[in-house]
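K.L.:
One letter stands for each residue in the lines below.
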Amino acid sequence: MRVQDDNENAGGTSGISGIKSWLEHPAFQAFQASLPFIGLIVIVAVFAHLTNMRIVRPASINLMLRQVYVLMIASTGVFLIMTVGGLDLSQGSILGLSSIAVSYFSFYGIPVAVAAGMAAGGLIGAFNGFFHVKFKIPSFIVTICAMFLFRGLCAYLTTNAPVAAVMRITDLNVTWFKVTLTVSLLLTVFLIFRFTKLGIVLKAIGAGEKAARFSGIRTDLVKFLVFTAAGLITGFAAFLNVINVGSITATAGNQLETQILIALVLGGFPISGGAKARFSSIVVGTLIFCVLNNGLVMLRFNTAWQQMIRGLVFIAVVALTIDRKSLQVIK
Amino acid sequence: MANPILEAVRVSKSFGITRAVKDVSLSFGEGEIRGLIGENGSGKSTFVSMLCGIHSIDSGKFILNGEEMKVRNQVEANRRGVSIIVQEMGTLSGLTVTENIFLGNEDGFVRFGIKNTAAMNREASRLLEKYGFGHINATSMTDHYNFEDRKLIEIVKATYFGPRIVVIDETTTALSQSGREALFKHMKRLREEGNTVIFISHDLLEVIERTDSITVLRDGVLIDTVKSSEVGEDDLKRLMVGRELGSHYYRTDYDRPVPDDVVLSVKNLSVPGEIEDVSFELRKGEILGFGGLSNCGIHELGKAVFAASYGRTGKVTLGDGTEINSIRAAIKNGLAYASKDRDNESLVYGASIRDNICLPSIGDLAVKGILWNKKLNRFADKNARMMSVKMTGINQPVSALSGGNKQKVALARWLGKDSDIIVLDGPTRGIDVKVKADIYALMSELKSRGKSIIMISEEIQELLGMSDRILVMKNGRINGEITRSRNLCEEDLIAKMI
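Residue numbers (the numbering used here), protein chains in the order written: chain A, 45 to 375; chain B, 1075 to 1572.
Some clues are possibly wrong.
Stated by the list, open to error - In the DSSO-like style, the derived pairs of lysine-lysine whose C-alpha atoms are separated by at most 27 Å in a straight line are:
no., chain 1, residue 1, chain 2, residue 2
1, B, 1448, A, 241
2, B, 1414, A, 254
3, A, 241, B, 1406
4, A, 241, A, 178
5, B, 1414, A, 180
6, A, 254, B, 1389
7, B, 1301, A, 241
8, B, 1449, A, 241
Said to hold, decoys possible - Over the 12 Å line for every Cβ pair with chain A, so calculated as not near, a few chain B residues:
no., residue
9, 1083
10, 1100
11, 1154
12, 1200
13, 1213
14, 1249
15, 1279
16, 1324
17, 1328
18, 1330
19, 1331
20, 1346
21, 1348
22, 1393
23, 1556
Unchecked claim - Short derived list, chain A residues pointing at chain B, Cβ under 8 Å:
no., residue
24, 237
25, 240
26, 255
27, 259
Read the hints as simulated data drawn from the structure, not as lab findings.
For clarity, every value in this text was computed on a predicted model and none was experimentally measured.
Glycine included, every Cβ here is placed at the ideal spot set by N, Cα and C.
Same shape as in the complex, but just chain B (with noise of 0.2 Å):
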């Protein structure tokens, strides 16, 4: 490794009972770009958060360049050389992309206490234009542009400036394929200027790939530090889960077919601006895979289907001919929604775990309409046990939960209400390897059970290691259907979803 430019020390962060980061020691070189890997928990957001001053630390410091660094936000830390690009969203809404790339740090541009825009705007217009985001207006507002634009923003927010340490906080899973490329390419360029890269994702290949170092943490340890050249995939996934993982993530069966009952029938099923006369049939014990680019629809098909839509025209019917024209409806005839939107749609944020799981059960847990604790107790329990909840108890706020830990009791309360047909937008979506696995083994039991999955993803790998089948959706239509199969590769689904 280079010279040592920054050093952590014995750093320890706790949140109350919970002790994210436990007297971690680290140093990162000069010039070096440093993967920093661990599950979901694992303390990685929490270390590069006291890092950049959004989190005090409880003991320990971290040195830079030999001084010590006492930072209290991110704007000290910007002035100390470090930067950091965080896994929320990080512009704000309702200001130019000059006044976000520039917030905090207009004062260059001020004269005798008078700002001068036409110059922010200016040096906004030949930054965006030096790192190859053009395409961005450096006078519009930033609410016109997607997830993905934005993120480009805060790139250029981030470096801009020469900062010597840039923490990159799981920004790629944001970001297409074009996106991704003009991140590494960044990325290259500040280590090729000596400065130092912490990057962190989950796409563990992404991270071999691109980074020189890796770091891993678990459960707010430091595991250990590995050359990226030297490991694999499955050295990673050992080292963050303490243990051997089985190779087999997907299913592996490929030639049983699905029986012919159909559970629910979709009929030119429209939502104005997002999808167009869908179809299709659902069989009993299918996992349907939905797939495409991120606005193709698919995401608001999996409302749709659950008559969560508004302004829904079409017809979903179950097997039985009964229509679904309500969520009540829909819960009452055994559908169930797991949306992308975890802590808004799938979960009652504010609420406990005990509370979250019981909702959609209630009706079913009165015994002649009075509501006995200790049943709803035993309830969520029970279920939350089944899925393995990390938690103190079943009355902690959900809000509390990690990410896996809240898929988990999304999940949890439909296996309770013993729906029949499960529609999952984004199953795994900012989950580690460990609780992926556990939720692909949970689908194949589900299927096992004659339950039937319809399984909304952007991630190509899940969907041909899972689906008995895939319709590949664009511009709001399904472009194409792909059966099952040992052969299918990753090209076979792209080329139907551009």
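The following block holds chain A by itself, in its conformation from the complex (with noise of 0.2 Å):
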């Protein structure tokens, strides 16, 4: 069957939420989907300027890979939550956390240190999941009291020495090692939320939850999974962390949660989530955060400085690429 055709006008708009139509259309579109790439040739280019090319020699360039792996793994899980809708800052408290549990464990064998750190992120997700699903608990307060609670208990653990990890895992701390890591998950999870219908459905909830229930999709599943799925990402980073430093004090992946969340929003994610996510927001946003800690160090900016920068940096970006039309669905 065919209805009457009429389509010489296509698009109509009504009322208020037509004001802001002009962000639809299509070149603007690829436009603002381009920036973020932009955006780190442009931060590259500055720095190398500034820095007289040191920030782009090999040495500089490991040093801030080395920076890139944890934050990039974790951000994956962030951004499956943000594209639901959520937010998680208890992501800093789930690394310390973890990577305890790998150095614990890291004495029966790798293979044990991994499950054991991705059991310990798992859990704390689900806790997590469970407070926002169940009492309908919006995600942001959930995960700031997840925060204090695991960073308490990270102190506890922790009191009266840093919990070493067994000394042949920093044998492992090869860069070809990590790297491999690294790809192959996010390989992974992108392959996952580009060809099965995981991402069409993460993608709905965060643009409609109503909408995407009556569509047939389990909400309050999905969303559960996807914060215990996030927690068992950020554990297996916490693998690749204790690599990285061998033991592992109170303040472990303090600040990660900021860092994610500024990593994601330099890579074009909008802050409230839903169906603009893109993958890509993962690898480039982490990229440019990571330029920006270390050129910012390179210009011998101190610490103090460079935490009033990145802020600055965080909320102009915010500003920028925030959605005003779907605020009220950060959930």
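Using the hints, put the two chains back together into the complex; each one sits in its own frame.
P.N.:
What follows is the structure, encoded as structure tokens:
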């Protein structure tokens, strides 16, 4: 069947929802989509200039990459959470506690250590998901609580001394190994996100949860699983973290949550989440973030200044990229 | 026409690539009620929004009393004597009725920096009494009142200060008969006092009856202004659509019996506080109408059949005995549901047309668990085209579409799923005549293919015109059954509703 055709005037606008519809112009959207990539090139160029090309030397690139792995992996989990319209502010505590678990169990073999880290992360993620879904508490509140709770636990477990992992774990601290793990994790999540119904389902929940439920999606279950998955993924990142540092103190993973948020937002991910989620945000965003960080160090800004600059960059990018129409959906 | 008090001079407005209003020049007389009509997306709302400072003007100007109006928001428009009753909810929750009425104009009650709440309340009570809305208590929270009463509060808010121009945008659909009468009374009063009323409505008969003259817009362009006493409904439809519409809007068959195969049976269905002990059977190829007053439970019933209600008891079974206990089971077994609440329940508001159309069928579209973009695109494109959705492409977000087009997308997703039983709640709510006709044609087509439809509607004409059988609900229970017949009239239905 075919209903009478009348396609001369595509896309009628109605009332107030039309005000910002120029934002939906294809050319503008294509431009907006490529902004993070342009940003990455610009920021590398600027810092290369300011540091007399020091930032693009192999030694500094190596240093930068060492910080990228954990951030990139953990961002992948948060990416999923933000796609359903949530936030996770407990990532730092998850990384800290999972790193302690990895260290404890590293004495029983590397696979056991990895499994323990992921189990610890997954449990905290499930904790977040459970309270968010069952008690209908907005996720940022639940995860702030989790942040304090598990940061406290971290501090308790490291009261007397840092928790050291088995000595030989640092033997794994070689670039190819870390790159392989990071790339395989990202690739796995990407393929699942892109080629199974998971991607479309997560975006739908972020873009309109009620309608998603009416389309046959078990929204509560999916949200619970997403938080758990984010915990598992960060638990995996904890393994790489331990490889890097060897022993864990109370502050391990501090501020990871804000670093992830800044990175994803820099990568072009609207902080309100939802249908505009693009996987490339993770990679581009974390790279921009690390270049920015190391550039500031090389330019000899002290930590206080670095933090202030990061804060300013964060608010500026959020203000520029935020999707005002869908603000009420942050869960 | 009397002396022009307000003139629009070549007013235009674009949203991105869409030109919503193009070079519209109009004049409005003193003491005139002017109807403003057109299809969804024809630019009516945008035009009056510019007049009232809700939207900025791209080019052109409004001249009020010989002076150009330059207003940046509704408060400034009010000061110039222009007010609007908007289509959406225009009162704020969490404030009292009084606070809503005087919002932005509290200054008159402030002395030495202190607000005299008692005086405000007294004045509000006096106004409500004067308007004949004495049942509304000035000191209560607006949340206590239903949509209709809140619209009445808006009428007071928009007119108490004696504005010269009052815009009423698509308000009557929210009102019952008595609410409408009250509104029409005040429109008349405003006219008698020499003011101008701009009245927007989809109900053409109402427009003809209640206005002095009627302006028609189509695709943002001014088509014509006609005298209400000289036109009929068909003339207006022709002006709106730009061509002759078939007079057979609804189904024309009457004596064709529906087969006896029961495809869905509902037994003792209850939802606490909403519906009670509802039982009925739906047959193959039947259009079963549900009618009643807006709080009678018909809307909840649709949700309950689709297993989307919380706390539902009773049984919903298919012809083969399969029980429907979850939304997933409903969809899997060929049930579809298009809610009255289009933006929140029917459509994933922030997502694209493509994702919306694909979502219910996502399991079927996967090949060994893998989704290929190409396949999704083809599927979405095919179904969107089948419904003739006006769009720039399937990746356009549904939030950018007009009401009628949103409904087309909402239907396209279930056409794609090829569901056998379709629950349509308010299928033509807020939709213009042309899309309405499309939707009725689609329903007849589905019926002839052996699909069954439950049509929930508050529009009596539509129920009479389309249903094989109508169940009328009252206070959450079924209060009567009416079988299709040529001789039915509105009163037969109303008698069972009240």
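K.L.:
Going through the numbered hints above, which ones does this structure break? Give me the numbers in ascending order.
P.N.:
7, 24
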